[in-house]
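Enquirer: Here is what each chain is made of, one letter per residue.
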Amino acid sequence: MTPLELLEMVPAGGRVGLDVGSRSTKIAVSGEMGPVIGIMDTIEVMYGGVLERIPGGVEVVSTGYGRNKVKGGKKIPEIRAHTVGALKSLDIDTFTLLDIGGQDFKVVRVENGSIRDFHMNDKCAAGTGRFLEKMAEMLHMTLEELGSHRGDSKILESTCSVFTETELISLLMEGASRDRLAGGVVYSVYERIRPYLRMFPSDIVVFTGGVSGCSGLVDTIKENTGSCVVLPKNPQFMGALGCYHAVMR
Amino acid sequence: MRHMTEEIRPRIGITTTVPLEPFMASGAVPVDLNNLFITDAVPNILVEEAQVKGYPRNICTWIKGLYKASERVDAVVGVVRGDCSNTGSLLETLEREGKLVQPFSYPFDRNRKLLVDEIERLCVFLGTDMDKAGYTADEVERIRKLSREVDKRRWKHLSISAEDTHLALVSTSDMNSNPEGFGRYLEDILEKENHRGPDDGVRLGYIGVPPIIGDLFPRIEALGGRTVFFEVQRQFAMPSGSDDWIQRYLDYTYPYDIASRVDDIKEQIMKRKIEGIIHYVQSFCHRQIDDIIFRHELDTPILTMEGNLPGPMDERTQLRLETFLDVLEDGQ
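Protein chains in written order, with the numbering used here: chain A, 1 to 249; chain B, 1 to 332.
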């Protein structure tokens, strides 16, 4: 269901968790059997007046870049939202949380259910969802297809998304196969997050956010770090679910 | 060496805090180039102009701002040891363009004799001598003491805003080019003590060089953080307050080894009941490496915050700050 449809079905006294991200808006609302989730492009949410349709008499908690566009309710920082979402979705309380979204990644050390430390990318969005979308476009692949490639080795040298495009073109002209390059792109994402994972070494890495749907990246992290990589159900909705559950706090 | 003459009251740019007594004795007007740059109507244009001249893009923004701000002063005293590793090259480029420059070094080993030599050289450059400089030391200390009183009232009673405290301390570098007026400005702050904000919230310490983010302290305040320690800004006000004016510049932690900075920070964390530290680092600055040592030495949680260009706080930095405060509140 779309966020709009979900908002229409929230009962009075119900709850709404909203994660207004850079690319997409995720929502979790009270349903008969627990939270019901939905997703929509943030740009459509903004221009479609979706946020104005939140009914009165419900508890609202929001997070994400667009949280300030949500009128009323409580705002919580993204790291808190994602951590609460992961804790509520899994039966573990000590892990390293890796969340890769549209334009940022977060690495959070969670111990006994509390946030101990965190890192976020700063000044550069290489290695995030938007980067993968651009690279998929370059290679004429769907995002899923690109993300299914395992990153075997380093092929790309650039640390900048724009320069990586140039590099990909050169390599394509030299005759490199698309599959090999797709593997290189996935490996470059792994290389970008590797130092952060090394700062919070853990047997369990909980991987969330839209980019966790890239099975090739999941395998690359598993193989290279030796950690067990756990994906909660609906990994893209941890922020929204975290907000939904934060209402209860 | 060319000497400044006393009758012209020249405006002398400084790149960071230097002994002010020789300025007071000679009548030269100290002008902190950092302030000139950051209070410019369009500081980013100054940065761009420095880049057009050939200053690299991937070098600290302050040094580029200082380079352009130097056009508005008669000469520049640059601290080439104990502050920024780029200042040497800044002075070289300025001198090549015909600007009168004078290097100043805080000795690596905190050696008194070497420091006295440096201050003597500064005296000669400004057209005065050590004795005359020494006579002004009480007046310099009187004004700095007022800044330190502002700081004290901030951390003890939160009765002065974080922004006013930051400005009262950071401006001691050149005393707003008008020591007397600056003294009156501080007295005014102390008289009014007009800040009546909430006294709850997470008590934060700010360490590292002054921020290029224009609204940092009000922003922290709005998010519920209470900044009660301004490490380097406080050092600019020479907190040892020693009776011996030379000694004040030897007790000054910032230009020397990091161990004395760590000791000072640890002591203030205890005294001021600080729960979290914001370590501000400037993009491309060698002092970013110090973060390793602070994280190793301090037991208090640290958020490392990086700034590059002048302007208000960006969304990402705000997000990180919010999360840091959220985590600290959770631990309360």
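Rather than coming from a laboratory, the hints here were simulated on the basis of the structure.
Where is the CB? At the ideal position from N, CA and C, for every residue including glycine.
One thing to keep in mind: the hints can contain errors.
Simulated restraints, written as ranges between beta carbons of each label pair [what the hints assert, rightly or not]: (1) B/Asn58 / A/Ser177: 54 to 62 Å; (2) A/Met33 / B/Thr300: 40 to 48 Å; (3) B/Asn58 / A/Glu145: 30 to 38 Å; (4) A/Gly31 / B/Ala41: 35 to 43 Å; (5) A/Phe163 / B/Glu191: 29 to 37 Å; (6) B/Leu223 / A/Gly31: 29 to 37 Å; (7) B/His157 / A/Gly113: 33 to 41 Å; (8) B/Glu267 / A/Gly31: 25 to 33 Å; (9) B/Leu223 / A/Ile92: 29 to 37 Å.
Enquirer: Mind listing which of the numbered hints don't hold for this structure, in increasing order?
Expert: 1, 4, 5, 8
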